[in-house]
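Chemist: Could you fit the two chains together into a complex? Lean on the hints.
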Amino acid sequence: MVRVQQLFLREWFRIRESVRNQMVNSWLIWPVLFGYGNGYFVPLAAFGGQSQLKATELVLGMNLFMIVVTGFFMVLDIINERLDTKVLQYHISVTSFRTTFFVRLIFTVLYAYILILPFCAVVKLVLGSWFITTHVSWPLLALILLLGTTLTITYLFCWIGILDKISNLEHMWERGVEPVMWLAGVWAPGYAIAQSGVPGMALLTTINPFLYVSEAIRQIFLPGPQYASLATCCIVMVSSSIVFTLISYHLLKHRMDLV
Amino acid sequence: MNLFQQLAIARQLFLRECVAFSQSWKNMMIDNVIIATMFSLVFGYFMPAMGMPLHLRMPMFLGAVIVFCISVSNMVALNCVFDITGPKVIAYHLTLPTRIGVVISAFVAGAMVRSLLTIIPVLLLGITIIGDWGALDPSYAKIMLIIPLVAFFWVLLFMTLSFLLRKETMLGDIWPRIIMPMFVFGCVFYPWAAIARHAPQTARWMLFNPMTHSVESIRSAFLPAVNYVPFALSVSFLSICCGLLCFALARVVRQRLNLVEYGKAYNE
Chain A
1 MVRVQQLFLR EWFRIRESVR NQMVNSWLIW PVLFGYGNGY FVPLAAFGGQ
51 SQLKATELVL GMNLFMIVVT GFFMVLDIIN ERLDTKVLQY HISVTSFRTT
101 FFVRLIFTVL YAYILILPFC AVVKLVLGSW FITTHVSWPL LALILLLGTT
151 LTITYLFCWI GILDKISNLE HMWERGVEPV MWLAGVWAPG YAIAQSGVPG
201 MALLTTINPF LYVSEAIRQI FLPGPQYASL ATCCIVMVSS SIVFTLISYH
251 LLKHRMDLV
Chain B
260 MNLFQQLAIA RQLFLRECVA FSQSWKNMMI DNVIIATMFS LVFGYFMPAM
310 GMPLHLRMPM FLGAVIVFCI SVSNMVALNC VFDITGPKVI AYHLTLPTRI
360 GVVISAFVAG AMVRSLLTII PVLLLGITII GDWGALDPSY AKIMLIIPLV
410 AFFWVLLFMT LSFLLRKETM LGDIWPRIIM PMFVFGCVFY PWAAIARHAP
460 QTARWMLFNP MTHSVESIRS AFLPAVNYVP FALSVSFLSI CCGLLCFALA
510 RVVRQRLNLV EYGKAYNE
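If you read the sequences in order, they're chains A and B.
For the first sequence, the numbering used here begins at 1 and goes up steadily by one.
For the second sequence, the numbering used here begins at 260 and goes up steadily by one.
Only chain B is shown next, with the shape it has when bound in the complex (with noise of 0.2 Å):
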């Protein structure tokens, strides 16, 4: 097998997660809209009633942003997951003509193409809603390395996981003993340097956590970057989480789709 013929493989897996993604586009996005909204009059406007500085709106909403990351990445693994134990789809793909790795990059590269289009037009609709344009100082540059290195992260450790854990846990425990203790002590809904200074202790441990860089950094694009944890520190952070995740995936999908070695597929 040749570079193009394998460039071809992946074009033509490439465009199958396309197509399937824009069967349901129009529903997602309705969806999105819907939970922009709530999450925008919730941080934009109910609790500063309750006396919450307004300098806190677009950050925590920009911290919010991560859930729909997080959400297009948890329904591309529960696809794979439905998939390993159902029809096993993926066991066809594989027997194509080129590498593994190949295959799982298509996919990959579709959930990223996903999360993107969610995640870009609930910021414009989120930013528009709360209004505070004026609390805005985006750096493109910066916009544009974090969110595609984002979506990367979360698409990674969700296929990694789909992978590696049971259908049960995936469908059950993940969310309470993996995803959500990421989320709390994660800074998704306050800026990490509030904690900083109240419990510097915890806030330190809080930068081992991934969740903390990537709404940090996110913050740190779109707001005036002198109170978040330093955008290179957090892309250099995400970096390596994405090149030790590449690897585990590349195993784990290796470890749960050999038929002959392992025969877990057929156990499931």
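The following block holds chain A by itself, in its conformation from the complex (with noise of 0.2 Å):
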């Protein structure tokens, strides 16, 4: 336990500094940029003038865009530590794989959960009645959220494992994260995706895990038979990221070539 607190005090020490800048991007500035971006401006010109319910569509999706790129940041810290300072390495030789491992998940998906979890909050203070929210049930959307940054986070885990060079950090976002991101309703939603008439989307974005995040937030401040159900949604998140977990630690074992 002394060694677990000491990671855990170790991996705050990390970040400390960097805190309140994070705090104000997270909570103040990017959900008023997307508040107005993809909640206004862009429903505005794309739907018309009596377009709330779009608009409150693609804002929503851009919770899942904030949990990836800010899971993103917080995973590129740990890569830097495997891969350049071999802070990792030390880290396990000191105590053992399997703390040092969850130690950093846990810490990693709390910190990403507590910089987005006043995304929507925010963004209803920046548009006020435009970003409906009449049949949000806001506990719920908090344990969404939190099954959302733990799928993204595990799934970014998996990612530390696969990569053996910092120079293909830029690879691993572009071919490995933003497809993803893209196909899992950050801006349509499910439906829209199925029904596009590209070949293969539907299928492609049923077995997208991510899909179920945005439809899940959406589910719960829309009801409706248009976005997946919140059962549905749970169940793949938390499948999704049990298998994630299970992949990034054995590959990231594996490839650390620990005895």
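Hints are computed from structural coordinates only; laboratory data are not their basis.
Since the model is a prediction, treat every value here as computed from it, not as a measurement.
Errors might be hidden in some of the hints.
As the list claims (entries may be wrong) - Derived, one-sided and incomplete: chain A residues facing chain B with beta-carbon distance under 7 Å:
#1 Tyr-36
#2 Gly-49
#3 Trp-182
#4 Trp-187
#5 Ile-193
#6 Ser-196
#7 Val-198
Stated by the list, open to error - Distance condition first, Cα-Cα at most 30 Å in a straight line; then the derived DSS-like pairs of lysine-lysine:
#8 B:Lys-401 with A:Lys-86
#9 A:Lys-165 with B:Lys-401
#10 B:Lys-285 with A:Lys-165
#11 A:Lys-165 with A:Lys-86
#12 B:Lys-401 with B:Lys-285
What the hints assert, rightly or not - In silico contact screen, one side only, chain A against chain B (beta carbon under 8 Å); selected entries:
#13 Leu-33
#14 Leu-44
#15 Phe-47
#16 Tyr-90
#17 Gly-128
From the three backbone atoms N, C-alpha and C, an ideal C-beta is built for every residue, glycine too.
Modeler: Following this line, the structure appears as structure tokens:
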């Protein structure tokens, strides 16, 4: 327990100087920007003046974008410590792989979760009645955001094990993260992707676990049959998180060649 | 040092940039093809399935193309940042028997070539995927003028920021505090005319944003230019911005790399 506590304290020490900056960015700047961009200007231009429903749909997809981008920047530090400074290897040598892995995972999930939690509330302050919140259950939203953050971080942890050079980081984002995100309802929801007429898109989005994050968030704000049910979304998110955790655990252990 | 010497040095520096680019070009194109495909699918098919009018497909995609230009410029800027705070190869280049402006011009020219070789294939690919050739009404004269001008502007902007700002700011805060506000209020994912119709006051303020002029002029060059910010206005605005940035870049490079007078490079 002492080693776990020390690892958590060390994580806090690593991020403490940037916490205020991160909070200003995540709690204030990003929600205001996405609120105006995807919540006002884009729906105004694309769907006209009476488009609160479309505006709400579009801006809710940015939740997933925020989760993925926030998680990515956090995972960058871990990748750097694995491939460049080798601090991760040092921590494993003085504790154990399991301890280090789960401390990193839990801390990253919690920190990312805290950063993205107020997103919808701030968007509501910015957009007012333009952002429909009539049916929303805020505690349920908090739970879905936690599940979505866990899914994203565990997926990104798989990439920590896959990457072998820092120089491949850009390719990790462009090939492994961004396409998954774009096809997961960040812009258009799942029903629009399925109805788009592009061959194979319906299947591709159905098997993309990140789609269920955006579907769940949209279901909470705009309940209806056009989105996947909350139960389905939660099952997919939980089971995918478990799978990604197992994959990342064994992949990283194998890559780091630990005896 | 005579003119021929300076040109020879500039040529060598430019070739160096091109060689560096050629080593990463294939990987970069694979990445760009993936992202261009995503943009084309989202704006060409998914958004229309939500109810967006079909005539907005091409304007939205053309606006999104600016992302690639900015991405290349950002990469160039980060290379500058890591060089200034690391091996300081640029400090060696400044000891060459030529003016500082020649060195910087060679870097800017190399970055512009990267931008152009990124934007053009992405444009063609995206238009092919969307398949809305009938919506296009390209003016080749406008295209040949505006795409290099837009690339030039963004390279200058990012290089100026890379010499002006600290490394931590360039790696973290520049996007939420400088670039993304320019995106959101810069008509990247929506045409300016639509905002002018519904929120005219806001649209007027958007005209002070160089991003607005970058995307609207690209749209105007490829599409029937009836609903976009006047091309001449955009070109004039961007040209003035480029002139100011050239002056600013020369100044910040001298301040940042003047090892005797300021010593900032050694304090990184």
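Chemist: Close enough to count: is the Cβ of A:Phe-47 nearer than 8 Å to one in chain B?
Modeler: holds, 6 Å
Chemist: Under 8 Å, Cβ to Cβ, is where A:Leu-44 needs to be relative to chain B, so tell me if that hint holds or is violated.
Modeler: With a closest approach of 5 Å, the A:Leu-44 hint holds.
Chemist: Less than 7 Å between beta-carbons is the criterion; does A:Ile-193 satisfy it with respect to chain B?
Modeler: Where the cut-off is 7 Å and the nearest Cβ of chain B is about 5 Å from A:Ile-193, the hint holds.
Chemist: Against the 30 Å threshold, does the CA-CA distance of B:Lys-401 and A:Lys-86 hold or violate the hint?
Modeler: violated, 52 Å
Chemist: Would you settle whether the hint for A:Gly-128 is holds or violated, based on the nearest Cβ-Cβ distance to chain B being less than 8 Å?
Modeler: Violated, about 15 Å.
Chemist: Would the pair A:Lys-165 and A:Lys-86 pass a check requiring their Cα atoms to be no farther apart than 30 Å?
Modeler: holds, 13 Å
Chemist: Within a Cα-Cα threshold of 30 Å, do B:Lys-401 and B:Lys-285 meet the stated pairing?
Modeler: holds, 29 Å
Chemist: Just to be careful: measuring from the Cβ of A:Tyr-90 to every Cβ in chain B, is the smallest value less than 8 Å?
Modeler: violated, 23 Å
Chemist: So, as I understand it, the hint says A:Trp-187 touches chain B; can you test that by seeing if any CB pair is closer than 7 Å?
Modeler: Since the shortest Cβ distance to chain B is 5 Å, the answer is holds.
Chemist: Report holds or violated for the interface hint on A:Leu-33, using the least CB-CB distance to chain B and a cut-off of 8 Å.
Modeler: holds, 5 Å
Chemist: Given the proposed pairing of B:Lys-285 with A:Lys-165, does the C-alpha separation stay at or below 30 Å?
Modeler: holds, 18 Å
Chemist: Does B:Lys-401 sit within 30 Å of A:Lys-165, going by the straight-line distance between their CA atoms?
Modeler: violated, 42 Å
Hint violations for this structure: numbers 8, 9, 16, 17, all remaining hints satisfied.
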